[in-house]
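**Student:** Residues per chain are reported as follows:
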Amino acid sequence: MSAVPPWLDDLLWTYRNVVVSLGVNGLLALSMYAVLAAGQLSLGQAAFMGLGAYASALLTLRAGLPFWAVLPLSPLVPVGFALLVGGPTLRLSGIYLAIATIGLGEVLRAVYLNLDVLGGALGLSGIPESAPLWLIFALLAVALLAFWRLGRSRIGRAMEAMREDETAALAMGINVRRYRLATLLASAALAGLAGALSAHATDFIGPNDYGFEPAVAILSFALLGGVGSPLAPVLGAFLLTLLPEALRGFADLRLVLNGVVIVLAVLFLPRGLLAWRMRRRAA
Amino acid sequence: MTLLALRGLSRHYAGVIAVDRVDLEVPARGVHAVIGPNGAGKTTLFNLISGLVAPSGGTIALDGADVTRLPADARARLGIARTFQNIRLFGAMTVLENALAGLHARLSASFGAILLGLPRFRREERNAVARAREALALVGLERRAEERAAVLSYGEARRLEIARAMAGAPRLLLLDEPAAGLNPAETVTLASLIRVIVEAGTTVLLVEHDVKFVMGLSDSVCVLNFGRRIFHGTPADARADPEVIAAYLGPPPAGPAA
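If you're matching them up, the sequences are chains F and L in order.
By the working numbering, the letter at position 14 of the first sequence is numbered 14, and the numbering carries on one by one without gaps.
By the working numbering, the letter at position 81 of the second sequence is numbered 81, and the numbering carries on one by one without gaps.
Check each hint, because a few of them may be wrong.
[Stated by the list, open to error] Now the stretches of chain L that chain F is said to cover, found in silico as 3 or more residues with beta-carbon under 8 Å:
1) 79-92
2) 100-108
[To be verified] Covered stretches of chain L, as calculated for chain F (at least 3 residues, CB under 8 Å):
3) 67-74
4) 119-133
[Unchecked claim] Away from chain F, derived, C-beta distances all over 10 Å, residues of chain L:
5) Ala14
6) Asn38
7) Gly51
8) Leu138
9) Arg143
10) Arg171
11) Pro184
12) Ala200
13) Gly233
14) Asp237
Hints listed in this document are in silico derivations from the structure and should not be mistaken for laboratory results.
These numbers come from a predicted model, not from an experiment.
Heads up, the beta-carbon is just placed ideally off N, CA and C, and yes, glycines get one too.
Build the full structure now, drawing on both the sequences and the hints.
**Tutor:** What follows is the structure in structure tokens.
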């Protein structure tokens with residue numbers, strides 16, 4: 001884009017990967033927020049991201065579709081899987097959904113590794129870098145605004161009520177099962193979108209990009225930031241993306257850092273860094 | 001006219017019969033009470049009516065329509081509201097937001113209207129906030145509207161539960177031991193609050209231990225013992241019924257005339 005001043009252009013080129021990660025991780029943090037805000041724990045965000053990434057890469061590389069057609073199509077695959085998993089798992093509550101979604105991630109990793117059409121252990125490379133930076137951040141902004149608006153309506157109130165007391169929420173006429181399924185689907189769609197964007201911003205995807213380790217990293221965005229408002233998990237994602245860059249020498253310790261952050265956040269900041277709670281009404 | 005009709009309603013728990021073939025007709029309008037000793041099945045009966053527990057047998061009809069198979073949230077949308085014996089507020093939400101949650105089923109702005117912040121949605125929210133404030137004013141909590149529900153005192157929390165249940169203007173309000181833990185002054189306030197609610201057209205069905213409270217307030221009394229209905233009639237007749245006296249009330253205190 002010609003409107004960008006030269007110094008910013010330089011910065012973006014030097015740190016392109018970090019900038020992409022900021023936007024993508026912001027979207028993943030919102031995907032996590034969608035389920036947590038309704039009182040569920042899912043660890044399937046990385047799996048949904050992987051489905052979006054692989055679907056988009058296949059549509060581009062094998063079907064030859066243009067990026068603008070691929071982007072809206074690829075979240076449909078993780079949404080389909082969420083529907084499939086959602087039926088049985090939503091009857092499960094609490095920790096069981098988390099376990100079922102970990103299972104989904106591991107099953108998918110084995111599938112990516114063993115299917116030749118998906119590149120096996122080598123993954124898929126040569127994906128055109130057709131996702132512009134501005135688009136990633138525009139979508140993040142739109143998603144944030146959507147969560148903000150919904151959070152201040154009966155939908156946000158119903159979700160927080162479910163999180164606080166599911167039985168009382170039922171007695172208020174809140175269709176708890178429908179809300180659970182809807183939040184899981186929204187979460188899968190956002191993660192799938194993030195996957196498609198990152199696949200088309202980095203040119204390579206591999207089966208290990210979407211396993212248990214990134215799933216925990218995505219959870220730590222929300223644990224660090226908090227879930228009092230949609231801004232909080234995005235802040236957590238930004239911090240956890242930038243921190244390893246600032247501590248480049250310790251890059252190998254990124255996993256340790258994530259673990260330490262989760263432990264510290266749970267112990268000392270149970271409501272996250274941004275504990276502020278948004279208002280649940282628009283008038 | 002009958003608002004709520006229970007026919008042969010039962011609930012078994014692994015060999016224990018909590019509610020045993022109970023028939024009950026609750027007329028529209030008025031205050032109706034279910035009393036009985038501990039473990040008589042009163043709370044199970046409420047959970048059956050509100051749909052939180054599925055019956056082992058029998059039927060439940062609201063205004064002539066069979067609701068036996070409907071889940072709890074669907075029954076709430078048909079106008080059955082309730083409070084809980086062990087108060088269940090949304091503690092992290094404000095007092096006003098709790099009342100707004102009670103209005104959930106009355107709000108209809110579409111997903112798109114909310115996302116775009118259309119005037120239709122904003123108008124609905126303004127009306128909802130006004131109605132929620134009215135419900136809070138009914139129980140005298142309007143000045144606590146912006147505080148978190150978790151900071152309320154026990155008596156205030158009980159009143160907020162009633163406001164939350166009333167916000168949606170239900171047809172039937174189930175109160176599960178509303179006077180439990182209240183001091184005498186609060187109990188008097190509660191009785192007049194219930195009268196106001198009934199005047200406004202909502203039928204009240206309550207479970208209560210405080211016999212004096214029930215007898216002074218209720219138009220009809222249903223007495224349960226070991227899950228079975230042993231009496232249904234006016235409070236005055238309940239006082240004179242030998243089976244009710246034996247099971248629950250005990251003999252009247254010896255007066256000067258005795």
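**Student:** Would you pick out the hints that fail for this structure and give their numbers low to high?
**Tutor:** 7
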